Amino acid sequence: MLGSLLTALTAAVERSQSAGRTTSERIRRFETEQLTLHVLAATVVFLIVLPVLIAALVSTKRAGIVTSIGDLVPGGHALSNYRRALIGLEFWRFMLNSFVMSVAVVVGKLIVSLLAALVIVYYRFPYKNAVFLFILFTLLLPVPVRFVPLYRLTTELGMNNTFFAITVPYLASATTVFILRQHFLSIPASLVETAKVDGVGPLRFLWSVLIPMSRAVLVGVSVIMFVYTWNQYLWPLVIINAESLQVAQVGLNLLRGQASTGEVAWSMVMTGSILTLLPPLALLVLFRRQLLETFTIQQK
Amino acid sequence: MVHSGGGYDHVSRRSVLKASGTALTVGTVGLAGCSSSSGASVRPVDEDSLTIWHAMGGTNGETLQGLVDQFQSETGIKANLVFQDSYEGVLTNTLSALDSGEVPDVFQIDSLFAQQVLDTDAVEPVENLLSDDYPVDDFLPNVTSFFTIDDTLTSMPFNNSNAILYYNRSAFEEAGLDPDSPPTTLEEVRSYSQTLVDEGVTDAGITWPNHVWFVEHFYSVDGQTLLDAENGHAGQPTTMQTDTETARSLYEWWHEMADNGLFSNPGIEAWGEATSTFLTEKAAMLMTSTASVTGIRSGAEENGFEVDNAFYPTIDGDRTGPVIGGASWFVPSGLPQDRQDDIGSFLEFMGRPESQITWHKGTGYYPIRQSAVEQLETDGWFSENPMYRTAFDQLTQAENTPATKRMLIGPARQVQTTIQDKSVELFSGEVGVDEGLSELKSAVEEQLNRYYS
Amino acid sequence: MSTREVFTDRLQAGVLLLPTMVVSMVFLYYPTVRAVGLSFYRASLARGDVFVGLENYRRLAGSSEYLRSVLISVLFAACVVVGVMAVALCISFLIHEINVGKGVYLVAVIWPYALPPAVAGLVFLFIAHPNIGIFTSYIEALGVDVNWFSNGPQAFVVVLIAAVWKQVGYNVIFMTAALGNVPESLTETAELDGVSRTQRLLRVYVPIISPTLVFLVIMNTIYGFFRTFPMVDLMTKGGPAGATNILIYDLYRTAFQFYEFGFASAKSVVLFIAVGLLMYGQFRLSDKYAYYGG
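Protein chains in written order, with full-length UniProt numbering: chain A, 1 to 300; chain B, 1 to 453; chain C, 1 to 294.
Think of the hints as simulated: they come from the structure by calculation, not from any bench. Source: prediction; values computed, not measured. Cβ coordinates follow ideal geometry from the N, Cα and C atoms, glycine included. You can take every hint at face value.
With a straight-line cut-off of 20 Å between C-alpha atoms, the simulated DMTMM-like cross-links for lysine to aspartate or glutamate are:
(1) A/K196 - C/D9
(2) A/K128 - C/D9
(3) B/K282 - B/E301
(4) B/K441 - C/E65
(5) A/K196 - C/E5
(6) B/K282 - A/D71
Quick list of simulated restraints, FRET-style, between CB atoms:
(7) A/L72 - B/N128: 55 to 61 Å
(8) C/T198 - A/R28: 21 to 27 Å
(9) B/S49 - C/P153: 46 to 52 Å
(10) B/G432 - C/L202: 44 to 50 Å
(11) C/V104 - A/L278: 17 to 23 Å
(12) C/P153 - A/L133: 41 to 47 Å
(13) B/N449 - A/F137: 37 to 43 Å
(14) A/A42 - C/G276: 41 to 47 Å
(15) C/V157 - B/D341: 53 to 59 Å
(16) C/I273 - A/F164: 28 to 34 Å
(17) A/L278 - C/V157: 25 to 31 Å
(18) B/G432 - C/F135: 29 to 35 Å
(19) C/V26 - A/V39: 50 to 56 Å
Reference excerpt, derived from the structure (chain A facing chain C, CB under 10 Å, subset only):
(20) E33
(21) V44
(22) I48
(23) F125
(24) I187
(25) L203
(26) V238
(27) G272
(28) R288
Work the whole structure out from these sequences, hints included.
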């Protein structure tokens, strides 16, 4: 794909260079060139969407075996498949658990991180840099590095198989604190000075000045955190063993086992996959502007 | 063994370590966590209801739910089935639960992992929970012999099966093979497969999940134990028997099958994949559990072909018998007496002939009570359903030797994984047979030594 | 900057920081320290923990299986980084050069950022399936025997494609943003000088957006190392014959299938050091390239 893309690009460029003298010629050249680019872009989009498109088609079929492109016609079982997955096989429960977990983590993280960022930007106290480093250093400790001892710790606390286990350990986030800090630093300092002169306390300042001024960023980080939490797999896999508390990512595999009658029930697996994809996808599409804006801050 | 579903393909998760201590501060933490798996700290997951962890997906799961519903309405005892995806899933979650002290009342453990669970010293022999007049001697002897350790029935056998050969009669006919004389040896499987592929009937001849159970079967059918000390039933094994004609014949054949495209590899522990390959007629033969009879029969009907089954193929014609597979119910120790009584009622209910008949008909697992078998015979069930008959004959015609008792070892999961991984290298030709087998031997023995040291 | 620091009540500051500090301490730092402690024990099921000193590390150092896992992880991460970034760069450039409808293309390309890795794994398992995969028969018609359940290199490639597919969108987000910030004047100068498009991308844009690229190299490396776990778990389980047994999967298996917590902890410590080195590398590289970023 890559190679053909480059060749096509180069070809378009060369064509464009083969001299254009008059303006109309130039415009025409520009138009054909743009057309080529659009065709290329559409192809890229098609390729990226294709796997999920196939999954969506399969989720409307009964058996779900498609072995050639000719089999790729929508089946008439969409409604019954989704009903069976959600209600019959109780996938709604996994979805709900994932949703509650994600919302709890987003809200909790937001509060915790807002407070931390507030202190780091607007307070003067000794060892401030050390504190900030202490928070940033946790970037070195992603779940995969510590899930083994974390698992032991959680079971010893008797917190395995609880909602606590899949939310609280996620609440501290260096990334979110960092993004908020960067954003706060871009807000004019005069604002806080005025607030201080008017006798506004820190929490009040946070609530009525910072938050309203940070709406886009807050929405952006919320989407980032939601997607991150929703897509968690390894930790719920090891710490949750009650079906009633399991999340959608892991539940997909349970669905696979439960739906099968000896063979793999691919249409059910694809139905579950599409269901699992929908919530984060919807957020991304709805809040794409804020998300993109926030990402540009993260990288700084 | 089995799973009935695609269920097996997920590896286990979670675990536990019994003791704690450890860690941060070597001196101060101490061994406080040690007591968690025994004594007063044991408490049920759900006070109001029996909690049963199982690995029965699909139709088998539905049949199990039916039995539990019946149990509840008959006894008034509440019982809650919790599906754990696979035997590996139940194992890990169980070990973790025994460690934390918050335990399910009953858990379904694959016979492969029996020793690993027994090694926790946190399970109650079920013999203690059954009423004194419970007719234990009505169980089929080849079933109970595996679950009886040191003369004690440690767990309650429930769903037991062997591996068997299923074949596509329609495909056989199309290829000009006689559907009434299925292959019985490795060599015949090879030549049948060759014909099927040459005639363009199916892509491959045969498929089966890459699970240690099938290797165990080839050994036991040939009368060989996989490990010394009678596969672990007579002490701690230290040696894996790979320097044998059995092992070499098996892997040379397997490699040749794969090399010539006659064997379709569905993947490691990929039960559902293998069955799908067979049902979509990509392969005309399938080796899998007798417990899949019901699902495969209806699947074949849906896909429009005629299916039949036959005994597990032998290495060279001599047949000792298959290893018993499947799972049994284990119970944690330390639960209060009234709770244990309820659990006892549950076990007795699941083991009674009527339940076993329902279970057998709904799944294909063996009825493990002699009286249930007799009842089925009188009802004419076996003559009406020859596929169930074949499966059952394979069990009853087996000799009862050390070879037909599957391995009973602590590091079962490690050994299992090693054998499965090495099998891929061997059949794909990544290593030669002699070299691969000696690597396999030393890897397995290292695990045995480490565990038992 | 210091003018922002108008609040000085230390107690207040402490209280507000408390949640972050406590959660970090208990769930991030403590487990890490504990992993180090546990790595000196033989902690196996039903046996209690036994202090074994450096035994676990000795075993690691002598394990050819582990060495292989390290090499595979590095190779896999490297392929992910190169594959993802090359594809993403082309796509980003394409979108950058398009005059109308950029926003639509952008969303249509970046959405896999929201795609759950488990879903990516299952969907790819399905469409690339050696027996029933939708493209299998076409690829086989080209003379390739699709056999990735048995063939290690093939399995590696299939998981790699799934991993790249999922990660390209994330890269495009940052690359298009960076390309959008390239001064218009530079583009015009380049065009006047008759620099071809490909040259413009490689000679003009790439150096300018290099800070972004360095950032993405690190993010993609971490993704390749860790976040691809669900795909490996659902598609290959580390196989066949260890061909996709990346470190994180190997660690999971040691801990949660074999219940060797001490040994697994030693592996965690090694991973931790690897992440540390990566981050250190990022800081050094960012410093070096900061110049171009202006």
